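> Residue numbers (the numbering used here): 1382 to 1927.
Everything labelled a hint here was simulated from the structure, so no lab data went into it. Be aware that one or more of the hints could be misleading.
[Claimed, not checked] Here are the simulated EDC-like pairs of lysine to aspartate or glutamate, each with C-alpha atoms no more than 16 Å apart in a straight line:
{"no.": "1", "residue 1": "K1891", "residue 2": "E1828"}
{"no.": "2", "residue 1": "K1891", "residue 2": "D1855"}
{"no.": "3", "residue 1": "K1400", "residue 2": "D1423"}
{"no.": "4", "residue 1": "K1846", "residue 2": "E1792"}
{"no.": "5", "residue 1": "K1891", "residue 2": "E1836"}
None of the values given here were measured: they were computed from a predicted structure.
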Amino acid sequence: MSEPFAPTTIPRTLIETAKRRPGHEALVFPPHDRFAYAELLDRSIEAARSLAGLGVRRGDHVGLLMPNCPDFVFAFYGAQLLGAVAVPINTRFRTRELGYVVENADLVCLLTSDIVEERVDYADRLVESVPGLAGADDTERLELEVAPRLRAVVLLGAGERPGLLSRSRFGELGAGVDDADVLREAFRAGPDDVALMLYTSGTTAQPKGCLITHDAALGVWCESARELQVTEDDRMWDALPLFHMSCLGPLLFTVELGGTLISHAHFEPGSALDALEREDATWMYSVFPPIIMALIKDPSFASRDISRVRGLLNVAPVETMHLIERAFPGARNVGGHFGMTEASGAITCNPWEGTRRQHAETHGPPLPGVEVIAVDPETGDERPPGIPGELLVRGRGLMRGYHRDSELTAEAVRGGWLHSGDLGVVDEDGFVTYLSRLKDMLKVGGENVAPAEIESHLSTHPAVKLVQVVGAPDERLGEVVAAFVELAAGQTWTEEEAIAFCHGQVAGYKVPRYVRFVDEWPMSATKIQKFRLRELIKDELTTPEL
1382 MSEPFAPTTI
1392 PRTLIETAKR
1402 RPGHEALVFP
1412 PHDRFAYAEL
1422 LDRSIEAARS
1432 LAGLGVRRGD
1442 HVGLLMPNCP
1452 DFVFAFYGAQ
1462 LLGAVAVPIN
1472 TRFRTRELGY
1482 VVENADLVCL
1492 LTSDIVEERV
1502 DYADRLVESV
1512 PGLAGADDTE
1522 RLELEVAPRL
1532 RAVVLLGAGE
1542 RPGLLSRSRF
1552 GELGAGVDDA
1562 DVLREAFRAG
1572 PDDVALMLYT
1582 SGTTAQPKGC
1592 LITHDAALGV
1602 WCESARELQV
1612 TEDDRMWDAL
1622 PLFHMSCLGP
1632 LLFTVELGGT
1642 LISHAHFEPG
1652 SALDALERED
1662 ATWMYSVFPP
1672 IIMALIKDPS
1682 FASRDISRVR
1692 GLLNVAPVET
1702 MHLIERAFPG
1712 ARNVGGHFGM
1722 TEASGAITCN
1732 PWEGTRRQHA
1742 ETHGPPLPGV
1752 EVIAVDPETG
1762 DERPPGIPGE
1772 LLVRGRGLMR
1782 GYHRDSELTA
1792 EAVRGGWLHS
1802 GDLGVVDEDG
1812 FVTYLSRLKD
1822 MLKVGGENVA
1832 PAEIESHLST
1842 HPAVKLVQVV
1852 GAPDERLGEV
1862 VAAFVELAAG
1872 QTWTEEEAIA
1882 FCHGQVAGYK
1892 VPRYVRFVDE
1902 WPMSATKIQK
1912 FRLRELIKDE
1922 LTTPEL
């Protein structure tokens, strides 16, 4: 067994890799932006100097509201070089959520971008979310009642906006700061210092800021890379948002290894396939079904040469996993992580050498330094292997706690164990399989129904692109099964046909009573908000007819 990944810090990994592989390509944002490690370090130092010129110091919180782009990465590592805490912000957040996070996170500085202004105007969204910002007289020393610690909002783009500091002025502020001072500060950080504050997806309530140390984030993600046998020669494609650990984590291990990360400001199947083909991607960190299925179902997929892809990581129903295998016959689809923000995003990982069944049907064993058990949600007694229970997590990767909420932290972490709120099983080999959120489990006339089982069956129908199952209120049974279905392009399917597809294949009480068709989903960062689907069907069924 190899030695555990040695504790270190995020800025050290960049500095050491830039010294070891200065000319190797570190980042690619197709079609034009690409940076070697030496330039990545130089641009990150430049960002750090400007932040320091604004008065950002060790331990200060720096917000990042940007799509995937070079500026995000430079600002992220710039904050790390200063010993500041990077706070990536969900770009899906709207006025209420964004205003809440800006205040709750105690941001000293917030950086945003206009790179996707034709799609999303983040500057306008900030002006709407932060009262007083647009009318600020001094953009270098904001004095806002709603965010008293916030000194500046920086617009990294070609334009200028009232209340926001321009890119040119931001650059000028760094002129009086030496590179050597930045590098000295970088080596003051320790593995147990807080490096990140990541806000939970907010699928049930207000987002919560999870404080993550250098060792927590690097430890689990670099161990994941080892389990997946990712090397410095790999070119990792990841189209997920950098504000989420499913892309930020691969960035961390890619930089530590000295490999290459390929990403996009906006995911579109055709341009993503262009990048996979032209950039010689060897790994695909696609993770969620909507991403990988959009690629496979693109009309040009069959004609693409993506034969250099040797590995994929996906979390999907078994039938979808087998479909992915068939679509990428020369690659290994290793299954996925079980993770949560409170545990730095990675708790388990299927090893490269795992079996086909393990890759398709489980989420792998706990990462080195991490323990996972399943317990009875009511008694807390540990479940025998193979018996579902609430998954509890202990060890490397756990958050320091929720920012400004010690009471909620104490509720989530008890006796050193993080209570995930997730239902899952741990088998005799220690492999973990996530089943559902505990609160998502349906109780139909006293019988437990796992939504994943019904979702897995419905997803085998060729008309189905994506399906989510929730409970609908029922006077006699308490609740019954309701399925929300997004159809594949050009497909038709009726509620009656969907219900008939389940009869005889699953127990009668598991057959959907209702099937509703949708074109788009209520989303958090990367997850469908099932509670909103439950609200939709409940409102429909309980609203009196006129």
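> Determine for every hint whether it applies to the structure shown.
Hints versus structure:
1. K1891 to E1828: holds, 9 Å
2. K1891 to D1855: holds, 14 Å
3. K1400 to D1423: holds, 12 Å
4. K1846 to E1792: Roughly 38 Å separates the two Cα atoms, so the pair is violated.
5. K1891 to E1836: holds, 11 Å
Checked against the numbered hints given earlier, the structure breaks only hint 4 and satisfies all the rest.
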